[in-house]
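Enquirer: Use these hints to put chain B onto chain A, whose structure you have.
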Amino acid sequence: MTVNELKKFATDVRIETVKCLEARTFGHIGGCLSIADVLTVLYNGELKNIDPADPKKLDRDMLVVSKGHAGPAVFATLALKGYFPLDWLPTLCEGGTRLPSHCDRIRTPGIDASTGSLGQGLSLANGFAHAAKIKNLKNRIYCLMGDGEIQEGQIWEAAMYAHQYKLNNLIGIVDWNKKQIDGTIDECISLLDIAEKFRAFGWYAVTVKGDDIEAIQEAFKQVRENQSDKPGVLVLDGVKGSGVKCIEKMKFNHMIPVDKELADRCLAELEAVKNSL
Amino acid sequence: MRRMAKIIYNGEYEKKAITDQFVENLGGMLEKDPDVIYLDADLMFAFGAGLWDLGDKYPERVIRCGIAEANMVGTAAAMSVMGMKPIIHSFASFITRRAFDQIFLSGAYGRKTLNIIGSEPGYKQTYWGGTHMAFEDIAMMRTVPNAHIFDIVDGVQFNKLISKTVDMKGIYYYRTPLADNIAVYDEDTEFEIGKGIVLREGNDASIIACGRLVTISLQAAELLEEEGIHVRVVDMFTIKPLDEALVLKCAQETGAIVTAENHSVYGGLGAAVAEFLGENDPTVVERIGTRDEFGEVGSEAYLRERFGFTPEKIAERVKEAIAKKKD
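Chains as they are written, first to last, in full-length UniProt numbering: chain A, 1 to 277; chain B, 1 to 327.
Since the hints were made in silico from the structure, they are not lab data.
Worth double-checking, as some hints may not be accurate.
Okay, the calculated beta carbon distance ranges per label pair [to be verified]: (1) A:K135 x B:E253: 50 to 56 Å; (2) B:E192 x A:G45: 50 to 56 Å; (3) A:M160 x B:A323: 57 to 63 Å.
For the chain B half of the interface with chain A, some residues (derived, Cβ under 10 Å), not all of them [unchecked claim]: (4) K57; (5) E60; (6) C65; (7) G66; (8) E69; (9) M72; (10) M82; (11) D101; (12) G110; (13) M140; (14) Q219; (15) L223.
Yeah, the Cβ is synthetic: ideal placement off N, Cα and C, and Gly gets one too.
Next up, chain A with everything else stripped away, as it sits in the complex:
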């Protein structure tokens, strides 16, 4: 895919995410929009050996979405890649749906880990990565975390383990969108320099603009080529609600009502972006 095509794909992820949340009338829109670009890079080349027709292949690259509430953006991406039909998306959170609000490996084709209680995903990624090494599999494990999420102590237990066992087939991603439910990260519990924190835990860390698709592609490559025997992490320096101005400028945009009026405004913006590409 060309960069322009990737940008169109990312816009489609945002469009489908907004439509999906509109169907439910509320949802975690801010933290879904802020990962649209990295999901685009992951599912269009970065994740190797993945196949929508065979989503459980043992030696595929795997993605643990530790910030499980970003499910809708992941579902939109998976649907666009053909893991399941687009018309599943409006069933989000309906009784009996295949698409619950938080990522669920049992219900949804293409989801590699069940998450939702924050802070647990990096340990799951450790287990996948460590087992892959023991079994001499060549796959790589990615783990997408929220910035507020890494306030959880388990993340740092997992960070120490990944370094100790030289999990160089593990790449973490932190969606540094600067906000959590109750306000900005710095107003709640500051994380200071996230990349430095991971470096202090023995990881190879790179900070990159969260909405720059080419830069994200390049940063993944940089981590892969330089992590040597260490786990690596990408810190996505981004904005909560990224790509949709009317969401970006809201003070609180973690979990909000998404009525038709708001959805139409978002979609109009996104259609304009798409037409400009």
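Expert: For chain B alone, kept in the frame of chain A given last:
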């Protein structure tokens, strides 16, 4: 009544410590199956030097996770998705209380496999005291859908069961004392998940016990026998799934039930038995266990006295239960 097990109980301690039996068994499992993996949260020490030797022999599959139970549970659970067969260990208190959300979500909810050893449950923590005493781990684990819970009596039972469940899918929680077990089972005994074992016959009442309280209940039955009271004793090691048929049979044939567990009566074996009988055949159920109280530090003898876990006190409770019988 059926007797599925070969009983060797005569009041004597196990010839070989349960820790050594486990390490030997684990060595066999590691050798036989390259998918078996053991993870510990800085308490390999509790199993002794043999486990360190296994660590040297299988450095890739005897994993020291450090003092980080939550990460250990998630890591092990994910390994099971990759086809590995994880056995994990910490004290019963830490592995359940501290890592419960991880057992629930990263483990059970994600339909993963874990063999969880929670060692030295309840009063077995003696000199480490109330902070380390798990009297609530069964209660917590009972609420996890489809989790299996075994309260272990001796090394034969522990190793026979874990050799079986290591090849199965799902969550298996073993609460296991690590020392000074009285031998109950011959090594030819086979254990069936969901089937309790009648260790002693009697028709005046039934003591349904688990784990550490099984042999103390057998001693209580001996005391009662001297008074002409004939008490049935059941080892209900399989707390979940509970052997409901056997509980019902005991209720119908003996008319009074006493439960005995090294755990709180809230949510433990006594609760499971009483809940089942309440719904199916209301019967007198006298429950022995801790109540609304914390553990505390002390010798095993002191703590058994303190919580009513002696043969004499159990015998008294049996007589109370018989006195409450409906007929």
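Enquirer: Failing hints, ascending?
Expert: Violated hints (numbers, rising): 4, 13, 14, 15; every other hint is consistent with the structure.
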